[in-house]
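S.K.: In order, the protein sequences belong to chains A and B. The opening residue of the first sequence carries number 2 in the working numbering; numbering runs sequentially from there. The opening residue of the second sequence carries number 2 in the working numbering; numbering runs sequentially from there.
Among these hints, one or two may not hold up.
[Said to hold, decoys possible] Derived lysine to aspartate or glutamate pairs resembling EDC-like cross-links, with alpha carbons at most 16 Å apart:
| no. | chain 1 | residue 1 | chain 2 | residue 2 |
| --- | --- | --- | --- | --- |
| 1 | B | Lys470 | A | Asp558 |
| 2 | A | Lys72 | B | Asp663 |
| 3 | A | Lys724 | A | Asp311 |
| 4 | A | Lys72 | B | Asp179 |
| 5 | A | Lys65 | B | Asp179 |
| 6 | A | Lys470 | B | Asp560 |
| 7 | A | Lys65 | B | Glu183 |
| 8 | B | Lys65 | A | Asp179 |
| 9 | B | Lys65 | A | Glu184 |
| 10 | A | Lys130 | A | Asp101 |
| 11 | B | Lys472 | A | Asp558 |
| 12 | B | Lys282 | B | Glu226 |
| 13 | B | Lys470 | A | Glu546 |
[As the list claims (entries may be wrong)] With the C-beta cut set under 8 Å, the calculated list includes, among others, these residues of chain A facing chain B:
| no. | residue |
| --- | --- |
| 14 | Lys72 |
| 15 | Asn73 |
| 16 | Phe421 |
Quick caveat, the hints were computed from the structure, so don't treat them as lab data. Beta carbons: idealized from backbone N, C-alpha and C, even for Gly.
Number of protein chains: 2
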Amino acid sequence: MKRIFEIDPWKLTSHTFSKEDKRLQESMTSIGNEYMGLRGNFEEGYSGDSLQGTYYAGVWFPDKTRVGWWKNGYPDYFGKTLNAPSFIDLPVTINGHKLDLATDKISDFSLSLDMHQGLLTRSFIYEGKDCRVQFTFTRFLSSVIKEAALIKVKATVLSGEADLQIASHLNGNVVNEDSNYEEGFWDALNEDANGRSIQLRTKPNNFGTPQFTVLLKEVTREDGEVISGDVTTASGEVSELFAKTLTSGQSWELEKDVIVITSRDVADEEQAARADELMAKLTSKTFAQNLADHEAVWDKRWASCDVTIDGDPAAQQGIHFNILQLFMTYYGRDPRLNIGPKGFTGEKYGGATYWDTEAFIVPMYLAVAPKEVTKSLLEYRHEQLPGAFHNARQQGLKGALFPMVTFNGIECHNEWEITFEEIHRNADIPFAIYQYTRYTGDDSYVKDEGMDVLVSTARFWADRVHFSKRKGQYMIHGVTGPNEYENNVNNNWFTNTMAKWLLGYTLERWPLATEAAKKRLQVTDEELAKWQDIVDRMYLPEDKELGIFVQHDTYLDKDLRSKDTIPADQLPLNQHWSWDKILRSPFIKQADVLQGIYFLNDHYTKEEKERNYDFYEPMTVHESSLSPSIHAILAAELGKQDKAVEFYERTARLDLDNYNNDTVDGLHITSMSGSWLAIVQGFAGMRYNEDGISFAPFLPKKWSSYSFKINYRGRILALEVEKDKEVKLTLLSGEDLPVKVWDQEVTLKEGQSQCLKD
Amino acid sequence: MKRIFEIDPWKLTSHTFSKEDKRLQESMTSIGNEYMGLRGNFEEGYSGDSLQGTYYAGVWFPDKTRVGWWKNGYPDYFGKTLNAPSFIDLPVTINGHKLDLATDKISDFSLSLDMHQGLLTRSFIYEGKDCRVQFTFTRFLSSVIKEAALIKVKATVLSGEADLQIASHLNGNVVNEDSNYEEGFWDALNEDANGRSIQLRTKPNNFGTPQFTVLLKEVTREDGEVISGDVTTASGEVSELFAKTLTSGQSWELEKDVIVITSRDVADEEQAARADELMAKLTSKTFAQNLADHEAVWDKRWASCDVTIDGDPAAQQGIHFNILQLFMTYYGRDPRLNIGPKGFTGEKYGGATYWDTEAFIVPMYLAVAPKEVTKSLLEYRHEQLPGAFHNARQQGLKGALFPMVTFNGIECHNEWEITFEEIHRNADIPFAIYQYTRYTGDDSYVKDEGMDVLVSTARFWADRVHFSKRKGQYMIHGVTGPNEYENNVNNNWFTNTMAKWLLGYTLERWPLATEAAKKRLQVTDEELAKWQDIVDRMYLPEDKELGIFVQHDTYLDKDLRSKDTIPADQLPLNQHWSWDKILRSPFIKQADVLQGIYFLNDHYTKEEKERNYDFYEPMTVHESSLSPSIHAILAAELGKQDKAVEFYERTARLDLDNYNNDTVDGLHITSMSGSWLAIVQGFAGMRYNEDGISFAPFLPKKWSSYSFKINYRGRILALEVEKDKEVKLTLLSGEDLPVKVWDQEVTLKEGQSQCLKD
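Here chain A stands alone, though its shape is the one from the complex (with noise of 0.2 Å):
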């Protein structure tokens, strides 16, 4: 654990700067835009140890990856982001030396991201031998057009005399940290001096994914005038040069505008063109109004979806920088990208799509983004549906398989024990039309372009299951259930479970099916007979004695043991245990078991969750980022309020403290819904099915009220815990609503609060 940024509502800011958590550093101060986004690099340059990271949405390489021995149905390629042309730039000397924190002496260093919408400034003295000069750079990716970068760097001389060089750069030479053999990636096309751009393109690859082509394009205002300097070129970058020399009380504001097309939207031909046009857009505004008009979409997002802890402003920063990184990576406006479990952050995890979005963020973008937000999500998977008939056909099975980590559809990771074997994704990925269903009420989807991912999983099930003749039972061997810290079990209760919830979701659907669907699926009698005989039938491991489902087969024989037995010199385990001790522990790495309660939550009773999460809970480690918000909400339904605000603290604040050592990496973005649903779907108990929707608040005992907004079938509805078990709701805006807290039942109506209590 380690907190290197003050606690403040609204803000991270630092005043100290410390070139061992340069990485952690970078990594909190990524910001995006859903388009693009970068790590904290520093415009100037440093030498010292750093993740340069810039990333473009959408745009990725599928690099060719060997393992030890090839194997039929391995996917050909690993398909992973690509570190892209930076375009933040901005090299300094000063006196003819370079400016560059690794080395040189500074002072007064404060940095800050501003969480109300992604601005990020950094000031600090240099304190040279002939001068001390200050320097200020602030940064932020415009929401409103996505294609812009808005940089400026500001210099004022404390002291002495110095020759400014401050050098407008975009830089087409990056590679991927993780790369094999250190390969770089891209090619340059194009370096066009007068119109300070660069071009480039993504390698070829033997794999027939596309190559994407990217140009980037600057400008430099003084005083909101585009000015002119020395431009030269190398390949695959373009620099340009500004001079100034200054006396002590002088100061120089430089603003370097970018504007960056990818082919993902414009034919290579078209993107100088482009950029021009986007350019002019940009450059017809000053930095203030730009900043302002993305200000104002920010305002706007806030406006629906804060989240308010009175009394812990640790929770309420963590809260805030959760929902801040979330919508930078993803508010729905490109129905072709997702959420990759890093996003613009980092390299690990390939910025490629997990099975996290629709089991982790589904639920919360229901709740604080207009539905079309999630429907893009939906819409994202099924118009992959080619790639997961493919998937399938891979692994010699019928039907669908959705990816473990993808960006087209196509499986890209090679790890057999995950990508064939983590198979309970193809259930959780079409449970997100359930979840869209129930929230929404909306079922339109399910009936058409829903029941083509229903139907297709559910064909891919009933080949993957087999027949135990000697148990009478379907059974599903070879898997690796969410519980990643064990490998190719047989029977794991949670993929089981899910599984035969699917296939029953779609046999009870299907009738609804709209007769397009109907026609385009062609099930057949025998395959619903056979759907039908797989519910009916399908093992699901428990022991009566415990009272408990079993996580798989043979789990029970492990030496069992609670994680307090494990030196604390030796956690996290991923980072001190072999795979190999790891794989054969008891231990746990996210809910598992618990994941299949939390999903199916009304399908057990309260004595069943309870002797479930009292046998796992001490076995888990939450080496998963994934994991905590789960367990805080079944401890808050189960009463255990203490350990629900502990797990929160731990979903809240995982990368602002660091908790599980990686956020070097980058941000855990795909968990950064967690502290959310701990918050309303733990602590003020929100559920809902497709009747409606109820509360069960309580107020956590460090903390003297919170509150939240949800969007629910058109309504706003604002919920505030004020005392324990009190509660007040307003309906903000839309019909009337019937809502159900503890086992009181009220209909809300628009305009007007009602308080509760239990």
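Knowing the structure of chain A, use the given hints to seat chain B on it.
M.R.: Relative to the frame of chain A, chain B by itself:
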């Protein structure tokens, strides 16, 4: 199945040249001399599809390797045999045209490997527009001067006139076909035009493993005299050009002598002098004399190991081929070496050492070679104990873990399901000590150095098991058995049985250890008690109802069915099914439970053997080359003679008939002993223990007779089976020998024969 060579007891001959079968031809005509070896590449070069391969024993490279996600305990590098500088190259031009069998018109092609001593001859007539020229190439690697390769080319003009140019070429510009990103592994150090030599060094690595330097030197002789041509050099290459104009009826014969020195034997700076010295020795004799010396070595080898089969020339050819290839790979001359699964015949499996050596090669070498050869193999492992300790530490475990794949004792393969889990090797490797001791009657090894191995592996097993409170027994979770078509299973019967055996054998032998060994190893009473407790309470899965040992915990839950249900066009499974489908299927790659019954043959009743054989054999697809021989031996013991012969044929001609459709990658060297084992342990029923040796021979119906010789405790014993259930035993040399045949006990005397009937 594909047969490209004609049937002949002592020759592999083909009179057709098929471009489609080029790689197959290359594998089959590989030659070696323990020190180095090469595939059947053409001396003049070949522009078509081909796998160029020259390998120097023990010269390897630690290739960096990236799996999707590295985890603790994974090896740092993937060790691989290097494709080494090629020395056979003799590019030819005829009237300016480059000779190339990929494109030229030829006639009268003949290719022949003399299996008595590994002499490869190839001839053909070049049918040019302006001339017809017959070429004959002959080559062998000396068994007397291990560093020497001898190549001869003879050209005879049959019609027209030919300006011939032949270049003696040494070529260091070779790459591995399996290299990552087409990287080269060699740096050229020196090309000496006067000395006709090149020197190269393997590229530096970051893994602390040695770099190897090699020096190659050639001289060219005509009529036995060294001649000089024009020498040219390029980086890593030297070439000496000879030219002659021949008219019809004229011949020209050149001999290329090569010396290859490596830094394994000679320091870099001394290599040139050593090469000169060896070259002087080599050129002091003619090609014919050197060949005669070489043949004399092979005569002696065959005299004590030949197996004859009358009535089945295909079977006879098979066993000669197998013995030749095995002895060309290893004959115990260098205890630092071992036997890679593909020997000198291909890149696959990295050329390193596997458990195959102890399990499949040792039992044969014990009987066909002096006992020092087997002892070299035991010492190889003892020498590598430091690496084995390292491997166990990497997994956080005590004791020593012998590697799955290695050059130096340190694990260098990176699939966790194999390297961390296929740990049965850690009992199979020590099992060779038991075999050695039982066969030779020499218990000096097990008492001292062997005890280091037994105790160190016992300590590993005692830490690797866990106690299941629920079952009240010791278990071994997370293993891969010999059946690699299942991974990460629990309580693999074979693994648990062998671990129990190892602990039991160590306990039995410990009191007899030398005082020095006891002092070194410091086994405590607590350790001994713990080992005994594990032996007493080891869980060995079995099914009482079926009367079988169960392959692993949940094997019987599978969709059990016989391999007859697999459509023929889906075999071999590993080339047609996804890995996912294979893992979940009931089909067994190679003997697993049956391997255990084979190893610990005298622990089980005939009924137990029969029930297990009858249950598992129908599900075994024998897609490991190590499987058929074990089945042949058990089938023979159980009186299933036709089955035994069927399995024999599969092992004897596995490569000759390309049974598994993978001989293109190289020969299955470590399975080459299988046909010998099938005859001697199978058909002849040889068994041994510390008290003596026994036989129970039968004669396969197709055969009219067979015979073999074994080296047993200082005697040479010949056994001839002329009629079914009739055998003639002859003690060729040595002291009186009591032998049991069926249930008859006889004592053989030197120089006398005894005939017995069942």
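S.K.: Does each hint hold? Answer for all of them.
M.R.: Checked hints:
1. B:Lys470 to A:Asp558: holds, 7 Å
2. A:Lys72 to B:Asp663: holds, 14 Å
3. A:Lys724 to A:Asp311: With a Cα-Cα distance of about 11 Å, the restraint between Lys724 (chain A) and Asp311 (chain A) holds, given a limit of 16 Å.
4. A:Lys72 to B:Asp179: Within the cut-off at roughly 15 Å; holds.
5. A:Lys65 to B:Asp179: The hint holds at about 13 Å.
6. A:Lys470 to B:Asp560: Distance of about 7 Å is within 16 Å: holds.
7. A:Lys65 to B:Glu183: Holds, at about 12 Å.
8. B:Lys65 to A:Asp179: This hinted pair holds, its Cα atoms lying about 13 Å apart.
9. B:Lys65 to A:Glu184: Holds: Lys65 (chain B) and Glu184 (chain A) sit about 14 Å apart, inside 16 Å.
10. A:Lys130 to A:Asp101: holds, 15 Å
11. B:Lys472 to A:Asp558: holds, 7 Å
12. B:Lys282 to B:Glu226: This hinted pair holds, its Cα atoms lying about 14 Å apart.
13. B:Lys470 to A:Glu546: holds, 15 Å
14. Lys72: Status holds, d = 4 Å.
15. Asn73: holds, 5 Å
16. Phe421: The hint holds - Phe421 (chain A) has a Cβ within 8 Å of chain B, the shortest such distance being about 4 Å.
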